[in-house]
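These protein sequence lines map, in sequence, to chains A and B.
Residues 1 to 97, numbered by my numbering, are exactly what the first sequence covers, in order.
Residues 101 to 197, numbered by my numbering, are exactly what the second sequence covers, in order.
Since the hints were made in silico from the structure, they are not lab data.
Keep in mind that this is a model prediction, so the values were computed, not measured.
Hints should not be assumed to be uniformly reliable.
So, partial list: chain A residues that the calculated Cβ filter (under 8 Å) puts toward chain B [said to hold, decoys possible]:
id, residue
1, GLY33
2, ARG42
3, THR52
4, LEU58
Below 30 Å or equal to it, Euclidean Cα-Cα: the simulated DSS-like pairs (lysine-lysine) are [said to hold, decoys possible]:
id, chain 1, residue 1, chain 2, residue 2
5, B, LYS111, A, LYS20
6, A, LYS11, B, LYS111
7, B, LYS120, A, LYS20
8, A, LYS11, B, LYS120
Covered, in the sense of this in silico footprint (three residues per stretch, anywhere, with C-beta under 8 Å from a C-beta of chain A), are these stretches of chain B [unchecked claim]:
id, stretch
9, 109 to 117
10, 120 to 130
11, 133 to 140
12, 163 to 170
The beta carbon of each residue, even a glycine, is placed where N, CA and C say it ideally should be.
There are 2 protein chains.
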Amino acid sequence: MGRVVVEVMPKPEILDPQGKAVLGALPRLGFAGITEVRQGRRFELEVDGEVTAEVLDLVQRAAETLLSNPVIEDVVRVAAIEDEGAAPLPAAAEGPA
Amino acid sequence: MGRVVVEVMPKPEILDPQGKAVLGALPRLGFAGITEVRQGRRFELEVDGEVTAEVLDLVQRAAETLLSNPVIEDVVRVAAIEDEGAAPLPAAAEGPA
Numbered sequence: 001m002g003r004v005v006v007e008v009m010p011k012p013e014i015l016d017p018q019g020k021a022v023l024g025a026l027p028r029l030g031f032a033g034i035t036e037v038r039q040g041r042r043f044e045l046e047v048d049g050e051v052t053a054e055v056l057d058l059v060q061r062a063a064e065t066l067l068s069n070p071v072i073e074d075v076v077r078v079a080a081i082e083d084e085g086a087a088p089l090p091a092a093a094e095g096p097a
Numbered sequence: 101m102g103r104v105v106v107e108v109m110p111k112p113e114i115l116d117p118q119g120k121a122v123l124g125a126l127p128r129l130g131f132a133g134i135t136e137v138r139q140g141r142r143f144e145l146e147v148d149g150e151v152t153a154e155v156l157d158l159v160q161r162a163a164e165t166l167l168s169n170p171v172i173e174d175v176v177r178v179a180a181i182e183d184e185g186a187a188p189l190p191a192a193a194e195g196p197a
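Whenever a hint applies, use it, and build me the whole structure from the sequences.
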């Protein structure tokens, strides 16, 4: 059983009232130095069998048609989750979003 | 100016009606082979200056107090976004979620 992560974010030109609300709340809670917040969605999908290129292609199409609204959102990431261990997450770099 | 990504997911024992709705819609739209869907949230934060360990620590605390509801959600990822280029995302592996 494989797992795939899909991440979608509001397009840059789209207003993001949820992100703005978070941005406004941060300094009130003592968190300084954050200048912008955008809020999107993250999906974790479990698939039958291994995460092959075909599976990633199917998930990519699902991401662009069902998991995101292509008018206002971009699919920023579709990737296999390979490590199923319980170790803490590394602070890994990722591509542009 | 640095950027940090924060990802939160519903805890495994918490019902996720949005994920269930997506799971039910997938086969109706012709996407077979997906056995489970969980929906969480992804935040992108812009910070003043570089993303230092101190900044990641501040964002981690913000993630656990403001960006997520610790009763029903887990913070699964707090990481710097290093690559600001416009290239397509690699299908990179990541840690457990």
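- Task: Compare the structure with the hints numbered earlier in the document and write down the numbers of the violated ones, lowest to highest.
- Result: 3 and 9
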